[in-house]
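As given, the protein sequences belong to chains A and B, one line each in that order. Per our numbering, the very first residue in the first sequence carries number 31; after that it's consecutive. Per our numbering, the very first residue in the second sequence carries number 31; after that it's consecutive.
Hints should not be assumed to be uniformly reliable.
Chain copies aren't distinguished; within one or between two, either way the pair holds.
Said to hold, decoys possible - Cross-link-like lysine-lysine pairs, in silico, DSS-like; alpha carbons within 30 Å at most:
| no. | residue 1 | residue 2 |
| --- | --- | --- |
| 1 | K193 | K38 |
| 2 | K203 | K60 |
| 3 | K88 | K204 |
| 4 | K203 | K88 |
| 5 | K60 | K204 |
| 6 | K38 | K217 |
| 7 | K111 | K138 |
| 8 | K87 | K193 |
| 9 | K108 | K193 |
| 10 | K38 | K203 |
Please keep in mind that the hints were generated in silico from the structure rather than gathered at the bench.
Residue strings, one per chain:
Number of protein chains: 2
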Amino acid sequence: MSTDLHSKSIVIDGLIISDFNRAVFEDMRKGNLTAANCTCCVWENFTETMRNIVRWKKLFRDNADLISQVYSTGDILKAKKEGKTGIILGWQNVTGIEDQIGYLELFKELGIGIIQMAYNTQNMVGTGCYETNDGGLSDFGREVVAEMNRVGILCDLSHVGPKTSEDVILASKKPVTYSHCLPSGLKQHPATKATLN
Amino acid sequence: MSTDLHSKSIVIDGLIISDFNRAVFEDMRKGNLTAANCTCCVWENFTETMRNIVRWKKLFRDNADLISQVYSTGDILKAKKEGKTGIILGWQNVTGIEDQIGYLELFKELGIGIIQMAYNTQNMVGTGCYETNDGGLSDFGREVVAEMNRVGILCDLSHVGPKTSEDVILASKKPVTYSHCLPSGLKQHPATKATLN
């Protein structure tokens with residue numbers, strides 16, 4: 031049933047983190063998933079993240095009958111048409127750029143489409159949802175948001191602290207997203223602090 | 031006169047190394063240069079080379095009326111049509127990939143179109159033209175040539191030792207190039223050792 035519904039729809043999984051391999055991609059096809067945001071950086075630094083992308087490039091080659099890389103929205107429609115699942119590479123943290131704004135443009139060119147501004151704890155950009163205090167977006171973070179806007183990388187606010195989230199929403203000139211969340215009505219959890227009322 | 035001839039022709043400068051800035055690009059336009067191989071790695075490691083590419087991305091943005099980045103031969107024709115000089119980013123050494131074959135694919139995607147296999151001295155791939163001995167292409171070097179063939183990066187043999195040059199010519203499944211050279215008839219020079227008779 032859901033497969034039928036999925037076959038007629040554009041269905042994008044907001045976030046998948048996994049030991050990605052062919053079996054995972056086969057399951058994506060079974061579910062008629064149009065596209066997915068697949069994590070390729072959580073705590074990794076610049077070089078480690080580049081090496082993760084190298085591994086992804088091989089996954090794209092070895093599983094070209096099941097998946098294709100998404101660089102633009104057009105690529106999502108193309109994947110749908112070709113009966114493949116489009117992979118949007120994404121990050122759950124900003125560690126991959128270290129302290130270099132300029133790296134964002136290179137990562138965008140390599141296919142990074144979405145970056146979460148913090149992952150539970152504090153980083154150079156802002157504060158995660160598990161921290162005791164959240165001072166909001168840093169000045170470096172404001173430059174990061176502006177550059178993500180410019181090159182076309184979506185700001186993800188999942189796992190981000192409430193003040194930092196609000197600051198990103200106000201600073202961003204483009205729509206932002208919560209790619210994955212836990213509604214407080216279902217379970218009280220630090221991430222629910224991010225809910226803006 | 032030469033400007034007239036250039037305006038009717040496809041003229042590619044095989045190698046330029048410079049403190050690249052707007053004045054250099056203006057001169058390229060004055061000469062009606064269609065495209066140029068511009069060096070962005072000589073001794074730099076992976077991270078330093080990536081930072082050089084970041085600087086180039088800004089040069090492309092800031093001088094978009096004069097230059098455009100070349101990723102494919104089509105981009106050279108496009109630059110010609112638009113009255114700009116197409117910039118082919120290239121390396122004069124392989125230090126930018128350190129010991130990682132997989133980095134070549136990422137650099138190709140960022141626009142690296144040509145790599146010189148060695149710069150005067152020995153590296154992990156082979157030997158430069160100033161060395162006393164030249165043992166030829168290393169096993170790692172053979173993998174580098176194969177991967178450059180696969181992703182579409184041209185092997186440059188300028189500054190490369192004679193035995194390494196010969197090995198690359200025999201190993202490469204695609205044409206190779208001497209982007210710049212010094213004919214021995216004009217001046218005796220170590221690089222002329224690379225001349226194959």
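Right, here's what the structure says about each hint:
For a Cα distance limit of 30 Å, the shortest separation of K193 from K38 qualifies neither inside one copy, at 39 Å, nor across copies, at 60 Å. Taking identical chains as interchangeable, the C-alpha atoms of K203 and K60 are never at most 30 Å apart, the minima being 37 Å within one chain and 40 Å between chains. With identical chains, the CA atoms of K88 and K204 are at most 30 Å apart between copies only, with a shortest distance of 22 Å across copies and 32 Å within one. Only between protomers do K203 and K88 lie at most 30 Å apart by alpha-carbon distance; the minimum there is 21 Å, versus 35 Å within a single protomer.
Neither within a single protomer nor between protomers do K60 and K204 lie at most 30 Å apart by alpha-carbon distance, with minima of 33 Å and 40 Å respectively. In this assembly of identical chains, K38 and K217 lie within 30 Å of each other by CA distance neither inside one copy nor across copies; the values are 33 Å within and 71 Å between. Taking the shortest Cα distances, K111 and K138 sit within 30 Å of each other both inside one copy (24 Å) and across copies (27 Å). Taking the closest pair of Cα atoms, K87 and K193 never come within 30 Å of each other, the shortest separation being 36 Å inside a single copy and 33 Å across copies.
In this assembly of identical chains, K108 and K193 lie within 30 Å of each other by CA distance neither inside one copy nor across copies; the values are 38 Å within and 47 Å between. In this homomeric assembly, K38 and K203 never come within 30 Å of each other (Cα to Cα): the closest approach is 32 Å inside a single copy and 45 Å across copies.
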